[in-house]
Every structure is written in structure tokens, then in C-alpha cells.
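As given, the protein sequences belong to chains A and B, one line each in that order. Take the first sequence: its position 158, counted from the start at 1, is 147 in the working numbering, and no numbers get skipped. Take the second sequence: its position 286, counted from the start at 1, is 287 in the working numbering, and no numbers get skipped.
Simulated from the structure, these hints should not be mistaken for laboratory data. Keep in mind it's a predicted model, so treat the numbers as computed, not measured. Just so it is clear, CB atoms sit at the ideal spot from N, CA and C, and this is done for glycine as well. One thing to keep in mind: the hints can contain errors.
SDA-like cross-link-like pairs, simulated, lysine to any residue; straight-line CA separation at most 25 Å [stated by the list, open to error]:
#1 A:Lys819 x B:Ile375
#2 A:Lys819 x B:Asp162
#3 A:Lys490 x A:Asn507
With beta-carbon atoms standing in for the labels, derived distance ranges [said to hold, decoys possible]:
#4 A:Tyr288 x B:Ala44: 51 to 61 Å
#5 A:Asp696 x B:Lys313: 29 to 39 Å
#6 A:Val358 x B:Thr373: 31 to 41 Å
#7 A:Arg767 x B:Gly117: 52 to 62 Å
#8 B:Lys346 x A:Asn390: 30 to 40 Å
#9 B:Ala44 x A:Glu417: 23 to 33 Å
#10 B:Lys313 x A:Lys271: 51 to 61 Å
#11 A:Tyr288 x B:Thr272: 55 to 65 Å
#12 B:Asp209 x A:Glu275: 52 to 62 Å
#13 A:Ala824 x B:Glu65: 52 to 62 Å
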Amino acid sequence: MKYNLLSLVVLVLFLGMAPAELFAQGTVRGKVVDATTKEPLPGATVILKGTNQAVPTSADGTFSMKVDDASATAILVNYVGYVQKEVSVAGINGTKDVGTVALAANANSLNEVLITANSYAIDRQTPVAMSSITSEVIVEKGAQQEFPELLKSTPGVYATKGTGGGYGDSRINLRGFQSANIAVMINGIPVNDMENGRVYWSNWAGLNDVTKSMQVQRGLGASKVAVPSIGGTINIITKTTDATKGGFISQGIGNNGFSKTAFSLSTGLTENGWAVSFAGSKTEGEGWFEGLGFEAYSYFFNVSKQINSKHTLSLTGFGAPQEHGSRFERKGIQYYRDAPQGRRFTPNWGIHNGEARTISGNYYHKPQVSLNHYWNINETSFLSTALYGSMGIGGNAYPNNSTLFLGTRTGGEYSPVDIDAIVDMNVEAQDGRALAYIQSNRNEHKWVGALSTYQKSISEKFDLLAGLDLRYYQGMHYNSVRDLLGAEYVLDNGDVNNPNKRAKNGDKIGFNNDGIVNWQGGFLQGEYKSGPLAAFVSLAASNTSYQRIDYFRYKNDDPLRESDVVNFLGYQTKGGANYNLTDNHNIFANVGYFEKAPFFNAVFINNQNIANKDAQNEKILSYELGYGYRASNLSANVNLYRTTWKDRSFTRRIPGQNVNEPLFANLLGVDALHQGVEIDFRYEPVRAITLTGMVSLGDWTWLNNLDEVSVIDPQTEKVVETIGPITMAGLKVGDAPQTTAAIGLDVRVIEGLKLGVDYNYFANFNSEFNPINLPQNRETDPWMVPNYSLFDLNAVYKFKVAGLNASLIGNVNNLFDTEYISDALANYEKRNPNADNSPQFSNASNAFVYFGTGRTWTTTLRINF
Amino acid sequence: MKKLLYLLSSLMLVFTACDPMEDVYEELDAQKGPFNKKDIEVALVKADYDNAKMKVTYFGSNEEAISTIPAMLNRKYPQLENGSSVIVKYNLVPSVGIKTKIDYTITEKSDYELGGARFTNFDSWSQIKAFLEAKFPAEQAKANGAPVEGRMVNLTYTRYDGSGSPTSKTVTDAFYFINGEWVKSYLVTEADYVSVNRNRYNNFTAADQDMLGTYFNRFLIENDIRAEVGGVYYVAYTYFESGKTSQAVTAMVYNGSSWTRATATSPLVVTAKFSKKNGVWVPDLTKSYTLAAADYTWISQQPTLGTVAQLKNLGQYGNFYQSWEGSANYWSNSNIVNALAALIKNKFPNEEVGQKFGVSYTYFAGGNKVNTVILIKRETGDYELAQEGE
């Protein structure tokens, strides 16, 4: 099969290189896109210069114009809100393909919003490494992938369905950094969790259909706001007043019962300045792995009003309530090999009343609303303000006694959990208490914030920006009873204020505490632009204050119930410059220094209300060099980066001898260095063929050894043991492959039919490891996950039905059903278990792994109107 | 041309990393050993008994089972290689019978002394057992050409029980020699016969066969006689058949809550492990035992088995702490073996010398983990780590 693919590709290339025949008449072809977002511009006008002949661009931005006049010199491309562009067609003889025509937005157009309010980076101007994903790609190649996976062909990115493996469980690493060090912004609003910096992608799953553009800025990024952009920044922009009138409906089906119904509707910008858009979807399926059934909804609305030429107001709201099953148990490779179902096997689901049901899942709904105001104060100044709020409702679900649940099965080891038998156990319990039940750790929150940016052109060449970033966050964390499974109550002693509680479904048990985070940030940025040189310097500072309230571990009248408020100052300073050597070449450099306040759990360790005031800021120093080449049919980038991370400190929970009482260890003063080179290109040899590719070579290592680590008993707050020192220097950072490569080929086979194939390669992939569990006398480094590559295939057929534009989209991901490991955790065991000082090893036989998804397919019918 | 070359060379990457798991699977297979070395659990079915030319679907004794099953395994799994093991579940209806019945009343102090008692009474089973072994030795029976197995002794003696009243009383107990040793058995008493309305003659008859299991279960439970699941207890009773009254014995099996009679239709289900060594299936007599919560508690209460800190930690958490050597709670591997040996000795006092136990226990080293050690009983009665090849 692979050989046939190769011959097809070669054939198509040869066709493309056939010499052009000599026509008496010529044709000019091309595609018009927005220079910043790379979005195609439908309805743009292409005029033959000096004549009245004009053609519009079609829905995907392409155009084709017959040229009778052999003396024609150029075409003019126009679009409302953009600067007209002239493209030479001199000496036309036959078919001339002008390639991609990128139109730059007008200075005072709504694209100001994009760049100022959303910190979007501009090609050949902003000195950061950037990649854009257009909505076209999201629609045509998205299939069942979530945001992180859409980015897998971007240099430096590693995205998987995560250890959870279910809907919304995806994770993304950028340049080897985990999500707490990747800033995610939606319409300019930072969405990383205020307590632990993580991003839960299921909350944004519904945005796929309304995303106008997605831009990844690697490294320090262009954001003015203080955000944890160490690996990079992911900017997701949804459509507002730029939405075109109309909408779409679509229905997709796929493997394992996958079904997605979606629609969007927009009035476009009406004459009196209103624009209203709605979108919604329902997605459900059983998941490729066993037991990962899911049901998800999403909704989106935007109401915008262009009040006058100076003011625009925009109200956006969205949410994505869902529930899904997840993987949870750490198992070895042989365990899956021995299962009759192979890697599809999940131990965490069972049969209850004849129906399949997960015992480890997640349900969450995080609606977010923001009110944006854009004010063109005058010709030189602009103010954008966003007021936003969100709340999070939901949590996970898991059994109270894993051993019991996982050990009670309908048949052998690889059969489903017998939940009915567990219910019987509960029913027999004489005092009515639950022996086995499903509990739920809920992480709910309320979050409000205001973000305001003021931009002033001090002179023709110099802009000054300043802004304020205020946030209030209240996180509510508690364990609760999710399902009594036939028992009358759960006997709980977690609350000192209510001992021997008989808890019913929904009641709080175990723990109940709030984390209050207050954030005040400000930033100042200067931008200089003159001719080919553009430079910026920016400074941002923030104060994070933390407070912890514990309702269960402290009596109601105990003053320690509410902890002290502790403050941490963080700041960042960065600067960079871009120089356009010629129309084709540009180079840039940026450098930045960053001090990041410690996370909530590093301040309040052991779930106690005594704050660790000595928690250290993490310090990051980053340099980057870049080079870009832009021509009509080829664009390429080369980036070199070097990021040092000092005083990385993190608290690790380690299991205690009593399963319900974990211990905590503070790891201090570990340094890491992430450096590498990234190359990416986009080539259109002929109009019908687009070839993209990238290579990313990373060298990410731990720099020093861990000093002695103290393990603290939460009850006494005393050190019970010390671990280490631990030798880590030189070990490769795990959890993501350090070498990745991708090639994508899109071919317009005939008018209306486009085929695409994408290839991704992952290598130099070390499993994640827990420094606490790294033995001193080890024989091997943490296990290295096998290199793997994946193929995706997609086809898009565009046609008209009842005068409406329709497209039939087919996708196959992991075309060859490759069996591969996407996530792995190294584990050490003694070579000779009975010898006290036996050296320890980590290899394929004892690593904990999660396999990646096998072949999936999706077919979608989409009708635009 | 250049474009083609670039395309081709990048496609070369395709053919590497095509089957990422291939090497890993080979590595795992190499570690595991040859494919045909397996660990299997199987229950014998009628076809197996038929193929062994047995008229019934059960064995009469463990010895019969152990000598017959290897051939069955050769037939069932000819392809398995040395090192494989099979746990075989088979039916056992112990062909118990009383070959020799001895009624003996102890009158002399010298008899009590044979059991190691200090006074003219027995206060523990070990004394009685020692007495029986001394008074009715197996060698003597063999020398007389009399059967060794199946001897039943109805012993009348004085039993001392410090907490009873009176503290000393004269009792008659039945003791049965089966499977190479004397075991306590239950002698149906007059009161028992009364309770089931057989006290006219104090015996059971053929008409009672169906009910015997129920009666004996009641007697045993009322006398608080229990065992582990699958445990066997023998009940001796008087039986009248064809004009003759004699003493009979039957095997009762405990299922966790009650006793049932082992018969052809409800046999004992026994498991035995066989390993293939040098091409031949041999019984693997290693018994497996996994420590339960009560066992950790027991160990933590034996002051000789560890330091105060070690024992306190063990009692609190129910696992052996092995995370950090410098801690006072740390159990070294030899400490653990020492404690397990004492536990097994205490729990299974009647094992033969040479009996092996695979003992599984939980230890804590950055998480709860399980380890198994093989202990073997030495002549001293103590257990030690089994050496290579034992």
C-alpha cells in the first residue's frame, strides 16, 4: 500500500512539471489570503489593471481570470478593509499562477483588534517564531481531533490524547514544556488554570467550529500580558464582526459510533452595525478504546455592535458541557499484549444493569462570557478592554476502593468490571454503609477578570502600549459521593465539624477547601517600526496573592481555618527585533527573562493552611534567533532557541504507606535547558499542489542534581525521611519526543476534489519519570519509547446542492493502524528483589504505558448557506 | 528533479518507524522465555478421567491423583516446555474407611508421659498426637503386615481444660491416621444421636445416607469446628448395615460457611500444582500464601521479630517499610524473611520437613509493592529461604 502511495505522488508531481503548452490566450490563477491570519478571503475582487475586467475570488479565496490582452502588465487585488495589492503578470504566455496573494489589513481596520487586543504576531514584523492554522485546515483535517492534535505538524509540538485517552483528555507539550508552561489565550483572554496553570482542553472542544484562526507563537511569544509563555503561546481567535452572513450545518459520522452534528448561523455585519452569530454542536461516540464513551455539547454566541467608527462592543459566550470515560490505571506493555482485545483494553469500565459504564470518568462544564470594547480614540490611539467571567462545574469520577472494583469482574482478568456484583455487596452490608461507591473530586471555580490595553502612536515610528490585567479566582475543591451503588450512605469522617457523617449522593466527603487567587498585573511595551526594522521592548509585572480556606480539616471557630494571604511578585521583560533584509528574506532575534510566581500547591503543601512563604519564583531566561524566506510559491523558516529554566521547584505527591494519606516532597533548585532548531516550509510548485514540512530537533536536558529532598508527614508537618541526593544531571527531559518531523501533501486532483496526506514522525522520546523514584544505583536511564510515525489521509469534495456550497469531507487518521505508545512513565525495579542493594533498571518490561489510538475514520457532510 | 529527490528522501523516513513496537515485543518475548513455557490453570473434565481409563471422575486419594495426573498432562499439553507449570483442579472423594479400629483407654501415667504430658491428663492436641505416634507407630503396623493408613483409635483419656468446669474430665475422642499422619476427628456422641432421633440404637443406617451430610454439618458447627475453605475433617460414627454394626468414617469438606460430605456427586475440589522438569511433570508442592491484614498484625505483636519502631510501623500500616534505609522503620530483606518464617511456622505447624511456601507480602518503597519469597521448612521446624534448585 505504501508503494502505491509513493507512485501516485510521483505521478502527480510529474504531471505538475509538464511543460506549459503555448496558448494564444492566457489565464491567471491565484489565491487571496489575509496576510496575518492566512485565512482565505472570499469575495475579493481581482481586476486586470487598466481594464474593466474583474473576477471575484471564490469561497476558498481562489480565482481564475482569462487574459486576452498579451500586453497586460498586472492585476490588482482588492478587499474591504485591506490594502490593495498589485501583482505582476507581465509577459503572460499560457497559464500563469501567481500563487498566494497576501493582503495586509488597513491600519485602522478591525485587524487592530487582532493585533493589539489579542497579541497576534504579524509575519515579517513581530520577532517571534510563529505558525498559523486556518479555519480551512480545522474543517478539512480536524475530524475527531481536538485543538492540541490539530497542531501536531507545528515544530516543537507534541500532542496526544493524553493518559486519559478520552474526549477532551488531550495534552500538548511545546518545546518539551508541559501545559502549565504554555500560555493559552482565547480572544486575548488567558485561560490557564489560576492554581496549577493547566489547560483542560475539553472545555474548549466546541470552539473548533467557530475558530477563525489559531496561532502558535513559540518561545516567549508576543503577548504583552504576563502569561506563562515559556514553551510558547497558543492564541485562539473566534469570529466576531468579521463573520460573513450565513452559516453552515454539518453532520459527521465515524468509527465506534462517532457522530457530530453542528451548525452555525451569522447575520454578518448588518447595515446598522450589528453582527450576531450562533453556533452549536452535539458530539457523541463510544471512543476508540474500550469504555471511553462520551457525550458532549457545545454552544457559542457572539453579539457585536459597531456603535460608530470609533466604538465597537462585542459580547461573546461559549461553553462545552461534556461527560466522558477516561483511562486511569498504569499498566505495562505485556499486560495489553496478553489481553484478547489488545491495546483497546481498558480495565476501568464495567457492566451495570446490563449497560456499559465507566468507573473512571470526567464531566465538566465551563461557560465563559466576555464583553469586549474596542475604542478608536483618535488616529493615534486605541483602547481595548475586556471584561470576562467564567465558572467551572464538574469533576472526575472514580471508585473508592480500586482494588475491589478492579478485582471484581464478570469473567477473567480482561473482562468488564462486575458492577452489579458490587451493588449486591453494598446491599448486603448490614449497617447500610457503602463498602464500594463511586466518588468524585470536584474542581469548581468562579473567575472574573478585566484586561485593558491602551495603544498610542507617539510618533510615526514609535508606539507605546500599556495595560492592566486584573483577575479574581475562587477554586472550590471537594470530594463528593457520586454514586452510592445500592448502599444507603457513605460513612465519612473527613469533616472535623461533622464526624461520622452519613453522606448521600452529591454530599461532600473527604476534603473541602477553597483556593482564592487574586492577581494584579500591569504591562508596558514600546514598539518601533521604521522601514525594514521593527523592534519592541516590553515589561510586565504581576502580584499573585493566595489564600486557602479549609472547611473540613479545621473547626468552624479555628482561626487557622482561613490561612494568611501570601503575595508573590512575578515579572517578565522581553525584547526583540525583526529586520527585513529584502522582500524575501528577514531575520529576527528575541531575548527575555521571566520570574514566575510559584503555583498554589507549592505554597500550601500537604493540604494545610500554613503557607510556605519561602516558595521560590521559577526563573526563565530565553534567547531566540530566526530567519524567514518568503516568495510567491515558497515560504520557509529556520529558528534557533535556547531556554534555561532555573530553580524549578515542584511538590510531588508520593503515595504513603496508608493509601489515603499521601506524603509530599519539595524538590528544589532543579535547572533544565531546552534548546533546539526548528525548520518549516510551505511550497506550492504548481497551484494544484501544496507541500508543507517541518523538522524540529530539540536537546532538552536536566542540568543539575537534586539536593536532598525532605518528605513531610502531613499530620505532624515534620520531616519523616529524606531522599537523595538524586543524580539527574544530563538526563533527557521526558514526556515528549525531542525530534519530530512532518510532511504534508495536498493535491487538487480535479476541480472540486482535493486529496491530502500528512505524515508525522516522532523520535528521541524518553518516558516521563518521577525524580523522587530515581534510584541512585541505577543500571539504565529511564526507558526510551520506540520511535513511531503516523499517516493521515483526507479528501474534500466540493459541490453544489440546491445552489448552496456543500462539501463532503473524509478523514482517516492513523491510516496504517500503527500500534504505538503515546505516553509512558518510567518505573524502576531491583534486578534482584531479594538483595538489599541490588541495582535497579527501567525497561520495556516494567514501564507504565498508554497506547495511542488506532485507525479512526470520519465522514462529514457540510452545507454552507 | 531536485523536487523529486527531496520528496523521495523525505519519504524514506516513512519506511523507518513503520512498526514501532516490533523491537519492544521481541525484547519482551526474549525475557519471558520460549513461547511454550506457560503457566496454566485447568480443571480436569470427564474426558480427562476417561482417557486415563478411570471409571469414575474423581480420585480416591491425593496419592492417586499425583501419580495419575502427569500422564493426563502429557496428553493435554504435550507441547509445553520445561519450566511450565499447570495448576490442576481435580475431584477428590477420599476413599476413607476404617482399616483397623482400636479402642484404648489410658490408665497409666506412663502413657501420658509418652505424649510429653507432666500430669495424668492431656491438655493439648500436640500431646495426644505425640502419644499416638509413640503408642501406635507406623513402623510397627508395617512390621506386623497391618495397614498403616486408615487406623482409627477411639481413645478414652482425661482431658484438662483450665477454663472449663470441671477442669478435668474423662472423654472419648476418635483419632484417624490418614495421609501419613494422625488427625483429630469427630466422634458422634450420644447427645448427637439424641438430637437426630437415632438414640434407640445410637447408630445410623442405610436409610440415613442422604441425611448424613446434613447431620454431621450440624454436629461440627455446633461444636465450633471450622477450617479454611477446602479443609477436611473426618467424622467417625456407628453404622448398621446387613445385620452388622461397625464404626465408619466419612470426610467432610468446609466451604467457608458450612461442611459438606465428599461424595461422588459432590466431591472435594482440590488443586495441585505440577511443573515440567526434564520432560516430566512433577508435583510442585510449594504452597502459596499471601499475607492478610491479621498476619501483619500478628507479626507486629511478636517482640522478637523486630525493633520497637519496626513493629509499630508494621502494625500501623500493614506493610513492611523499605523506602529509606536510614529510617528506624526500615525492614531489611533478611528482617522480612525472618518475620515471615516465624509467621508460617506459627500458622502451619503441621507441615512436613521440606515443604515449601511461596509467601507474598506487601512492602512499601515509594508505593505499595508486592514481593514473593520461597521458604522451606528445615528439620529444626524453622523456615528458611529456599536455595536455588530446592
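Hints versus structure:
1. A:Lys819 x B:Ile375: Holds, at about 17 Å.
2. A:Lys819 x B:Asp162: violated, 51 Å
3. A:Lys490 x A:Asn507: Not OK: A:Lys490 and A:Asn507 at ~34 Å, beyond 25 Å, violated.
4. A:Tyr288 x B:Ala44: 51 to 61 Å: Cβ of A:Tyr288 to Cβ of B:Ala44: about 57 Å, so the range 51 to 61 Å holds.
5. A:Asp696 x B:Lys313: 29 to 39 Å: holds, 30 Å
6. A:Val358 x B:Thr373: 31 to 41 Å: This hint is violated: roughly 58 Å between Cβ atoms.
7. A:Arg767 x B:Gly117: 52 to 62 Å: The hinted range 52 to 62 Å holds for A:Arg767 and B:Gly117, with Cβ atoms some 55 Å apart.
8. B:Lys346 x A:Asn390: 30 to 40 Å: holds, 32 Å
9. B:Ala44 x A:Glu417: 23 to 33 Å: Once the Cβ atoms are compared, 28 Å apart, the range 23 to 33 Å for A:Glu417 and B:Ala44 holds.
10. B:Lys313 x A:Lys271: 51 to 61 Å: holds, 58 Å
11. A:Tyr288 x B:Thr272: 55 to 65 Å: holds, 60 Å
12. B:Asp209 x A:Glu275: 52 to 62 Å: holds, 60 Å
13. A:Ala824 x B:Glu65: 52 to 62 Å: Violated: the Cβ-Cβ distance is about 42 Å, outside 52 to 62 Å.
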